[in-house]
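Residue numbers (the UniProt record's numbering), protein chains in the order written: chain X, 1 to 402; chain F, 1 to 248.
Hints listed in this document are in silico derivations from the structure and should not be mistaken for laboratory results.
Ideal Cβ positions, reconstructed from N, Cα and C, are used throughout, including at glycine.
Hints may be right or wrong, so weigh each one.
Claimed, not checked - Residues from chain F shown here face chain X by an in silico Cβ test under 8 Å; the list is partial:
(1) R37
(2) L113
(3) E129
(4) K236
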Amino acid sequence: MRALDTLGMSVQAIARNKLRSFLTTLGIIIGVASVVAMVHLGQSATRSVTEQIASIGSNLLFVMPGTAQRGPGGLRTTAENFELADVEAIRNEVDGILVAPALTTSATMVVGNANDTVPVIGTTNEYFSVRNHYLDYGREFEGGELSSGAAVCIIGKTLIEEMFLGQEALGANIRVGRTACRVIGVLEEKGESMGQDRDKTILMPVKAVQRRLVGELDVSAIYVSALVDGTTGLVQDQIESLLRQRRNPVNGGANDFYVRDTQDIAQALESTTNTLTILLGAIAAVSLLVGGIGIMNIMLVSVTERTREIGIRLAIGARARDVLTQFLVESIALSTLGGLIGLVIGVGGTWLVTSQLNMPFVISPTVMAVGFSFSVAIGVIFGYFPARKAALLNPIDALRHE
Amino acid sequence: MTEGSNVGRSATSRPPPYVVEMRDIYKIYGSGATEVRALDGVSLSIRSGEFVAIMGPSGSGKSTCMNILGCLDVPTSGEYRFRGVEVGGLDRDELALLRRNFMGFVFQSFNLLPRTSALSNVELPLIYEGVRPARRHELAMQALATVGLADRAHSISAQLSGGQQQRVAIARALVTEPPVLLADEPTGNLDTVMAEEIMKELVSIREQKGITILMVTHEPDIARYADRVLFFTDGKLIRDGSPAEVIP
Ligand SMILES: Nc1ncnc2c1ncn2[C@@H]1O[C@H](COP(=O)(O)OP(=O)(O)OP(=O)(O)O)[C@@H](O)[C@H]1O
Ligand SMILES: [Mg+2]
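Work out the full structure, taking the sequences as your base and the hints as a guide.
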């Protein structure tokens, strides 16, 4: 028997019973579509986390007061803030870095009639390179403004849209807290990162925030960027020993500050999303399995229903293996068809969801190949038992079957 | 392709070879009190080119005998040689090849694939032989023309009349040019007019191709088309001779 004829026979049998064939493949369609969509969405989430972390700044270290467990969302305890002298010490004693102080607070911003509560960061010009967030237009802080703590500010794009409503922002006088403040620059658009709108922020000289907004002469965080890739570990060690010396924790106890490498955060988040991807994929795989059982069920019914046909075929010269291959090819054709449709739906669904959620659209040939091969394998595995049942029928019993 | 070039029992110097030889064939269903001896020690031989009718009352073992002759079933005990080959030693696939290459079947209930065209039904045995589509189509059309149904080739088989369906079944049985045709009550589901048409068809095919025909029937009028009648009662072959001798 020619292979093409076997295929033709199976296709005919499938086409003869379109509704049933469709319902049989539905399980596989749903299974493959959900596996493909889930794993792709998981990968897309991982990619989006990685991209966000890269946009925070590369080789970036956060130095924070207090203690923290490793990993995102770890427990924190508070401790005294840093001083500007600490920042100077780091700048002078650790090589190959850029360092920027940050005193973070929030204040009411008033522009004409509009007002809103906005995060304010007191910092220096190093902030732009360290945080990988540069000016779109306007100018940086001048030396005099930094040393005197002048009331000037650089603002993010969201504030331009929400507060200025098309008016020229550059050079405008606004209020931040109780301070009148002149806008000297506008930050480039950065978008959302880790659930935070980075365009809704005001930068001011650190001394201006200390004196005019907070009233304390300290710094709530230090941002450090290693200039050479792969040196963050070394830089971290140096900063830790330096600050330990300077802050001199009681009785040689634990550090009352911590240095966090964004790379670590990225890795932790990535491993979380990877775990989620595997979990979702596994759940989806179960539905694929259920789809396979559906195929077996319908094929068994079909064998019983077509017993007489099988008898006829055996009488006119079909061998057991001809009948076996016919039914096997039928179930493989059904599952393959379901697999293909499932791939299309899965990829389409991934595209839809990622475009709605502003996530990167990731397509992995491996995932598609695995999903598709799975569907074919399910056709073989769950088709074999019914096909064998058909092939082992006794011709005379099959012919007598009503 | 058949060795039976001489038709019927015409006297020649050398008789044609045996196609079928049965020795002491038993077919027993069940055991103990419920035991049924469907065939109870049957021995018979049929030569190439013969047209044999198998008769007998209902339940006498006609179909059972036919199924064993057609290698669709195996006897409980006894020896059965088909064209000189002992069938008892063959496995399922070898029996299937025997049926494919040497036998054509016609059943009382036609047994066509219902939602399939007449042509596809006739092509089916050729598909299992691995014949290419173009050749398959040609042979099937020829076979349909032989039974006078060339114009209904594309009709769905379930939409044909009983007589037409049985003729499609005959075309299907003969399309591979087997030397032996086995028919179990081929006219059983047809009225007398159609039954006669079918019988004339079989007789003419036999004259053209010189094939051996084994046919089960319980109607004397149908049996008279054969040139030899085997009469069964209770699983035993009790009479064997020309229609005139056997049929009262
Ligand atoms: N699969 C089976 N299981 C049990 N008994 C069977 C089976 N097949 C046939 N028989 C019995 O064997 C006997 C012969 O049956 P068979 O079908 O050969 O009769 P038949 O001569 O063809 O009858 P009919 O003219 O009614 O077709 C019957 O008594 C029948 O009941
Ligand atoms: Mg019978």
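Structure-based check of all given hints:
1. R37: R37(F) check fails; min Cβ-Cβ to chain X is 17 Å, beyond 8 Å.
2. L113: 6 Å, holds
3. E129: Result: holds, 7 Å to nearest chain X Cβ.
4. K236: Because about 21 Å separates K236(F) from the closest Cβ in chain X, which is outside the 8 Å limit, the hint is violated.
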